[in-house]
Amino acid sequence: MVESVLDKTFYEIWHIGEVDDLSIDKIIDYMNKAISEGARSIRLRFYLNSYGDLSYIQYIRRILLNNTLATIVVEDRVIEELGKDVEKLNNNVIVIMNKVEKEFPGEDKVRIVKVV
Amino acid sequence: MELKNVDIILTTDRSMMTNHHGKEFLGFMATGPPIGMPESLWMWIACPKMKTDRFGRPWQAPYALRKLEALLQDHGYNAWVIDPDYVDLYIDKAKIMMISHHDYFALCPPSSEWWVITRKEPVNARSFRRFMEKTSIREAKKRGLKIIVGGPPAWQWLYKVDLWANWGVDTVVEGEGERIVLDLVRKVFDNEPLPRYVFVGPGDSPRLEEISTIKYPSVNGLVEIMRGCPRGCKFCSVTLRSLRNMPLDIIEKEMIINIENGVHNGILHSEDVLLYGARGIKPNPEALLKLHELARKHLKEIAWSHASLAAIKNAEEEYKLISKIMEIVKSGDNQDYLGVEVGLETGSPKLAKKIMPAKSAPYPPEKWPQVVEDAFMIMHENNIVPAATLILGLPEESEEDLVMTAELLDKLRPYRSLIVPMFFVPMGLLKDKDWFTSVKVKDEHIEVMRKCLWHSVYWAEDIINRFYLKKSSTAPLRILLKLFLRYVRWKGRSVEKKLGLKPLDISLIQTVR
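Read top to bottom, the protein sequences are chains A and B.
Counting the first sequence from 1 gives a position; the working numbering is that position plus 661.
Counting the second sequence from 1 gives a position; the working numbering is that position plus 4.
Derived by calculation from the structure, the hints in this document are not laboratory data.
Note that CB positions come from ideal geometry on N, CA and C, so glycine has one too.
Keep in mind that the hints are not guaranteed to be accurate.
[Unchecked claim] Each computed DSSO-like pair below joins lysine-lysine, with the alpha-carbon atoms no more than 27 angstroms apart:
1. B/K486 - B/K444
2. B/K27 - B/K502
3. A/K770 - A/K745
4. B/K219 - B/K164
5. B/K27 - B/K8
6. B/K191 - A/K745
7. A/K770 - B/K191
8. A/K749 - B/K191
9. B/K328 - A/K669
10. B/K27 - A/K669
11. B/K53 - B/K138
12. A/K687 - B/K164
13. B/K495 - B/K27
14. B/K286 - B/K324
[Stated by the list, open to error] In silico contact screen, one side only, chain A against chain B (beta carbon under 10 angstroms); selected entries:
15. S697
16. R701
17. D714
18. I721
19. F765
For reference, chain A alone in the conformation it holds in the complex:
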């Protein structure tokens, strides 16, 4: 029986808004914290204005090339899917918000981190 990688519980870090070095620094901070606490499966999900825009990958290169410990899954979605995804959440998520404002009323699984 072959185990699944994707069916595990992931430490969730989502990103909405503009991807830049500062927002990536925030992701790295939370990733490092998660790994130091024993997390070995991390999902990075980017909510973009348009599907197929891979320009964010240039910014996350330094995350991926420096990681050797955890399984990292990188996903991207269009921003319109965010609401549905929040509803489907089974565990907590860190949402890195950069140069946008979004609220998640009543969602205590969502912890918002604004990039100053």
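Got chain A; can you put chain B on it based on the hints?
Relative to the frame of chain A, chain B by itself:
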């Protein structure tokens, strides 16, 4: 077996889907640009077309593709390795195309090095690009084909985001593929979105029982005998994976698959063959002798993929193991030598201690140059022919380190071997299109590189004549390669003259036959 449709195509470009005329080391030419001859001839020497059946299934295929083909078929999927020239037969109706490679964009050594030296793109990258730009793939993408790429150079896609997008690659996978590939295939079949990138961490490495046995032959009979490595060298990603030894019965099964399909030679694959069944970093003589007896029972010719110099020295000194293994290897009357890749890396004990303190174990890193010399002597005496690599341009490197490496190369002159310097390319450079113009080459690097060149050119002729291509059937290839070596000698001399360098006297190479 008839093949009408294929749901999952596993494939790669011509530089990989080839058996290099049955001579694995010729594959190294695929890492270079065509020199002194047209590209078509270079490709014929390095990467001739693979024989296929009428459905385009290759006789031999890269081992990683064979493993995934077996895994997917074991789980009921209509998945087949297909030769790149036949992909068009199936791509219209396929759901997924999976691609593996050793160096998609020629950014790994030695491809990157040849690019720096020649300023010309190596053929592996050219061949891959030609494959991906096929109209049929573009059309299939419009119809919804999913493309998943992986292999050791998966990280390179992070520097080629434009091609990633233009070619419509859906997912890039880095790391061992067994578990994640099934997840991804399920997602495609369930119409769920795919992730962009997956790095499979050591915690998700498959257990032995999750690894399928190949069902069809691998290139030149390569079979893996273990995964992972305990040495922890800074420059290596494989060492991060847990050590798993393949049981002998599984190794035998795969050897038999190859033999039953007409591939009578074999390559034992490991990061360090001499650590098969080891306790820590000390060789296990019983396990190694049993492994080689098994290989001798089934294979006409045996090769090793990689071995560490420290293990070679230790194995011979403590157990006379190299001599015993070579007795077994030569007992078949088909074989009088064994080829292997080894990591020389540096001649500087100081640098060795910084970047690879366990590479010399059980000997201390301070003894590294002696370990290298002793291992080369042991290999020479036992007709083991190494292709050795060393690393230039590490951030920690000093001029003194390079001088020590050059001195070590002088000591290695009597020993039959090829020595190839590999340039460390800082990741930061790779994002520029003309990255190769920015690699800084010092005089000390040039001195090391030309010692490697003349050493290898001298011994290459000996290796070709006495061992590698001595049969009459390989005469055309032998002649072409000797002409190529003549060209390299001429070119080397003219570059030295241009740089105002006094030619190295290669007659000083003492032969220890």
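Okay, the hints, checked on the actual structure:
{"no.": "1", "hint": "B/K486 - B/K444", "in the structure": "violated, 32 angstroms"}
{"no.": "2", "hint": "B/K27 - B/K502", "in the structure": "violated, 35 angstroms"}
{"no.": "3", "hint": "A/K770 - A/K745", "in the structure": "holds, 14 angstroms"}
{"no.": "4", "hint": "B/K219 - B/K164", "in the structure": "violated, 34 angstroms"}
{"no.": "5", "hint": "B/K27 - B/K8", "in the structure": "violated, 33 angstroms"}
{"no.": "6", "hint": "B/K191 - A/K745", "in the structure": "holds, 19 angstroms"}
{"no.": "7", "hint": "A/K770 - B/K191", "in the structure": "holds, 26 angstroms"}
{"no.": "8", "hint": "A/K749 - B/K191", "in the structure": "holds, 17 angstroms"}
{"no.": "9", "hint": "B/K328 - A/K669", "in the structure": "violated, 48 angstroms"}
{"no.": "10", "hint": "B/K27 - A/K669", "in the structure": "violated, 43 angstroms"}
{"no.": "11", "hint": "B/K53 - B/K138", "in the structure": "holds, 18 angstroms"}
{"no.": "12", "hint": "A/K687 - B/K164", "in the structure": "holds, 25 angstroms"}
{"no.": "13", "hint": "B/K495 - B/K27", "in the structure": "holds, 25 angstroms"}
{"no.": "14", "hint": "B/K286 - B/K324", "in the structure": "holds, 13 angstroms"}
{"no.": "15", "hint": "S697", "in the structure": "violated, 15 angstroms"}
{"no.": "16", "hint": "R701", "in the structure": "holds, 5 angstroms"}
{"no.": "17", "hint": "D714", "in the structure": "holds, 8 angstroms"}
{"no.": "18", "hint": "I721", "in the structure": "holds, 8 angstroms"}
{"no.": "19", "hint": "F765", "in the structure": "violated, 22 angstroms"}
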